[in-house]
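Peer 1: So you can see what is in the structure, the chains are spelled out below.
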Amino acid sequence: MALAAVPAALAARRLGPGRTAAVGLAVFAGAGLACAASASLSTLIAARCVQAIGGAAAVTASLELLPATVGGERRAAAVWAAAGATGAALGPAIGGILTDLVSWQSIFIVQVPAALVAAVPILAVARHEAATGIIEPELRRTGRPHLLANLALAMVSAAIAGALFLLVLLLIEGWRLSPIAAAAVVTVMPLASLAGARLVPLVADTKSRAAAGAILVSGGLGGLALLPKATILLTLPPQILVGVGLALVLGALTETALGGRAPQAIHGGWTISARHAGVVIGLLALTPVFTADIDQQRHDAINAGTAVILDSPVNPLLKIDLAQKVSDRMEEERGKVPTIGPAFEPLPDDEGERREVEQLRGELQDQLDRGATHAFSTSFLLAALIGLLALIPIGLARRVEL
Amino acid sequence: MSGPGGIREIRGGAFVVGALVLSLVLVGAYLAAGGSSYAPEKTQDPCKPRPWSNPRGLGEIANQFSTSALDGAACKLGVTRETLARALASPASRERFSRRYGIDDAKLSEAIRAGLLRAIDDAEEAGALSPLLAVPLRTTLRRIPLDQAIELVKDARSLLGNLGRYLGPAGGLLEGPAGGLLEGFLP
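First to last, the sequence lines map onto chains F and U.
Read in order, the letters of the first sequence correspond to residues 1 to 402 in my numbering.
Read in order, the letters of the second sequence correspond to residues 1 to 187 in my numbering.
Okay, chain U solo, but in the shape it has when bound (with noise of 0.2 Å):
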């Protein structure tokens, strides 16, 4: 159909379905392309286990051990991982933390060693530790000051690397020539 000045004219309900096609084709293949899921990834429930994936050496246990201690203390106080981690870095973002959920020293102390505890339960299931050296390490983490506590949250490498000196007089059994025993303790 022309139009004037000779213009060739769109039929306007052609025209209408041409801009619906345009539309769908856009969203459809936004669509098709992730654009629903495009948001940040759902972080874990603190409470719920998080498996322990074959850890080798000082390093990877440390590592897993660190998350499972996290896990346990972020459980307790209810709040995220990734939250009582940032937390946890320096004195001043632990007081910004505790003022911001009102959570004191003694419920922070607590939540910690109730982290370590879960770490070590953790560990011993995942084979990481001998319940040999278990028993003794729950013990000596129920009655550790709060800094230190969080200290070994931060590094369990600083745990596991010295559990001679964190088990008192038991920990001499790993000292010495027994200290190979180590190896066997930890894989």
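Looking at chain F on its own, in the form it has when it is part of the complex (with noise of 0.2 Å):
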């Protein structure tokens, strides 16, 4: 999508925006039913690109069609935004909701219809665009892109993108949350982009926007490196701030790349580009972070454990059939945070010492929260200092008028 975006979008000025967008669309569709087809990895990310082409044709195009439908350049630009804002919070949630409750084919499989509906308006302008084939020459010349506005969004999106992917690993992998119940609370954040979106019009500065946002982001991901315990209800607060800063940020910075610029498809494609290599750059960084701090922790967190069971008062040969049974248990889920609980059954039959185990289970699964939640501390701890660090850009931009 990063690589696909800005080609994309000279091809919408070249071919036509309804031309294109169809076209894309349709890609998009074709590429989607491979993607929910494909029996191995390979044609997977195969199908994944193919389908990263369709869609970035899409998307740019339609930036060239929203102001005959919104009435204007800067209305359009707001709208364009504010989508692609909602998508990317949605796009987690939805994606776990299907892969819990159908299957991960399913989150390809539904994309077909929603691209298909799209297009239907789009014909029509493809076929007036076929029949008179107008193209005026001098659209066709493009500005430079917003270095900085390009260069903040892709440092707030790959902090963003941290916030996501961290969030729903350590839900998932960390809590031993079902992806629905990781789905579930990952919603907060687009509702709460919803409900930032409506903050918009309350600012007329862009760059005030993107500052706030960029802090709101930043602020949120430092909450969830330091969470105190390892409770969804805690979750929520920094999912808000994040949410409410995504939709400030994300609209501020597209708006300002755009803002004055012709054609609109182009640097749409660029602020795109900027986007989605964010995602990109924030994944590859974080993620050995992650990886190492998991290996780490998770290490830490069965010694603790362990700990707890060595100094409890509970006969000696029990104990060291629990820490056997933990030991299995490591062996059994190697490279994951285990899940304890059936280390410890069955219960013992003598109620005083099922008491004692009960306990046990209790301070082991504590300690297994901890390191699993400690984890993932160091890299939203980095995402939130890439948002920070979009502060420089957002502050070196000029605020340029629509």
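Simulated from the structure, these hints should not be mistaken for lab results.
Computed from a predicted structure; not experimentally measured.
Glycine is no exception: its CB is placed at the ideal position from the N, C-alpha and C atoms.
Incorrect hints may appear among the rest.
[Unchecked claim] Chain F is faced by these chain U residues, among others (derived, beta-carbon under 10 Å): (1) Gly-35; (2) Tyr-38; (3) Lys-42; (4) Thr-67; (5) Gly-78; (6) Thr-83; (7) Arg-86; (8) Ser-109; (9) Glu-110.
Please assemble the complex out of the two chains, which come individually in their own frames, going by the hints.
Peer 2: Next comes the structure, spelled out in structure tokens:
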């Protein structure tokens, strides 16, 4: 997507936005079917690449089509930016729900009717373009992209990718939530994003909106890095901050990048490219940090849990039996935070001993929760730092009125 | 200030300050609630002494004896007490441990015996074991096979409850009518 966005926008200028969007949506839908049918990771990746090209064509061309629908370029840029921000926040939640309720393939299958429905109104424009073939030559010239706004977009997108990717992983791999439960939890972010979009008309200055958004995203990520307990409730305030911040900063930076520049599709293409490059860079930077940390924390948590068992007053033979079962669970779930409950089954018949074992299970689980949560702290902090660093290009960018 | 459509606008600077305050409040609240220390508890260095906490009765003494023995053996091997405890749980876990840390049976045996000797020292120091029993126990433990030594680390009750059997001829003193002496040796 990062590589295809600008060439797709150029194609939209050359062939006409209606035709490009229609072809893009058709390619997107067809490649979506190929994704769902793919039997191996390599074919899935290949189909996703094709889908990205189709998606890039449809998204960038739509920016050229929007002014006629919403009444002006400024309004079109705002709607387009808001749609992008909402989509970024909604994606993981919808994906998680579909994966858990149906299958991972369903994520791609539902895209097909969605793309076809979107193509219906575009077909009339495409037919008109085919009949008239009017493309004004002066509009083919493109100005330079807004470097600072696009740089800030890339940095903020890296931070947001961290928030979404790491939080979903924390919930599923760390706290052992089902994908649907995790999806329900991260739904708070798009809901906050939708609420945050209502603040946009209240602040005319795009630079202030961008700065406030970047600060909120970083503040939310800072909160996620400092979770004082492994409780879903405590993820909600940081998610609200990230969601509101996301709506403010992505919208403001996209508006700034597009402001006063023509043609819109090309500059929209640059913003798409910057955002997706940011996501890729964010994941490349954060994944090794997080994987190294989770391995260390898992080890520390198991040791801390074993210490709890060894220092407990339960029967020594029962302790060793528990230590063995914990060891076996570690082997079975190598590389993951183990689910420790089965290691304590069956519970002893003796009432007093059962209470002691149940208490041990709780304490060991607490250590594992601590380890799993702490494993994500550095990555969340790093993502927060990237978000804060985006304030530098935001501060340097001159306000550009549309 | 009113914007287009009569919407009351917020000044950009105030908006940024508001975002900053919200972020700082959240981070500050989570820090105050212990967010920076929510991590697994650190395990103790096995080479450092672990004080016995007022042991009473065979069960408690056996518990602390096992802990001391594990500490001593783990210190000798350069691993944590917890890693060693999991390793000693079964032959399969012992084999995994040997492969991972490159520790053969001879080295493990030596470390386990060193651990048991440290446990006797600790028990003696804590007043949980009479010096009269500690001396012959040390001599006995230096000679016992690895599997038996591991069983003693796992459950020292078998050692402390059957001192007579472990001490050989000297253990005869604890049998029969003299068995009551054990009460004095194991408080």
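Peer 1: Does each hint hold? Answer for all of them.
Peer 2: Structure-based check of each hint:
1. Annotation: interface hint on Gly-35 (chain U) holds; nearest CB of chain F at approximately 3 Å, less than 10 Å.
2. Look at Tyr-38 (chain U): its Cβ gets to within about 5 Å of chain F, closer than 10 Å, so that hint holds up.
3. Here the hint on Lys-42 (chain U) is kept, as its CB sits about 8 Å from the closest CB of chain F, short of 10 Å.
4. Proximity of Thr-67 (chain U) to chain F holds as hinted, the smallest CB-CB distance being about 6 Å (cut-off 10 Å).
5. Contact between Gly-78 (chain U) and chain F, as hinted, is not supported at the beta carbon level, the nearest pair being about 15 Å apart and thus beyond 10 Å.
6. For Thr-83 (chain U), the interface hint holds, the least distance from its beta-carbon to any beta-carbon of chain F being 7 Å, beneath 10 Å.
7. Taking 10 Å as the C-beta cut-off, the interface hint given for Arg-86 (chain U) holds, the closest approach to chain F being about 4 Å.
8. Taken as an interface hint, Ser-109 (chain U) does not check out: its beta carbon lies about 18 Å from the nearest beta carbon of chain F, beyond 10 Å.
9. Checking Glu-110 (chain U) against chain F by beta carbon gives a least distance of about 21 Å; that is not within 10 Å, so the hint is violated.
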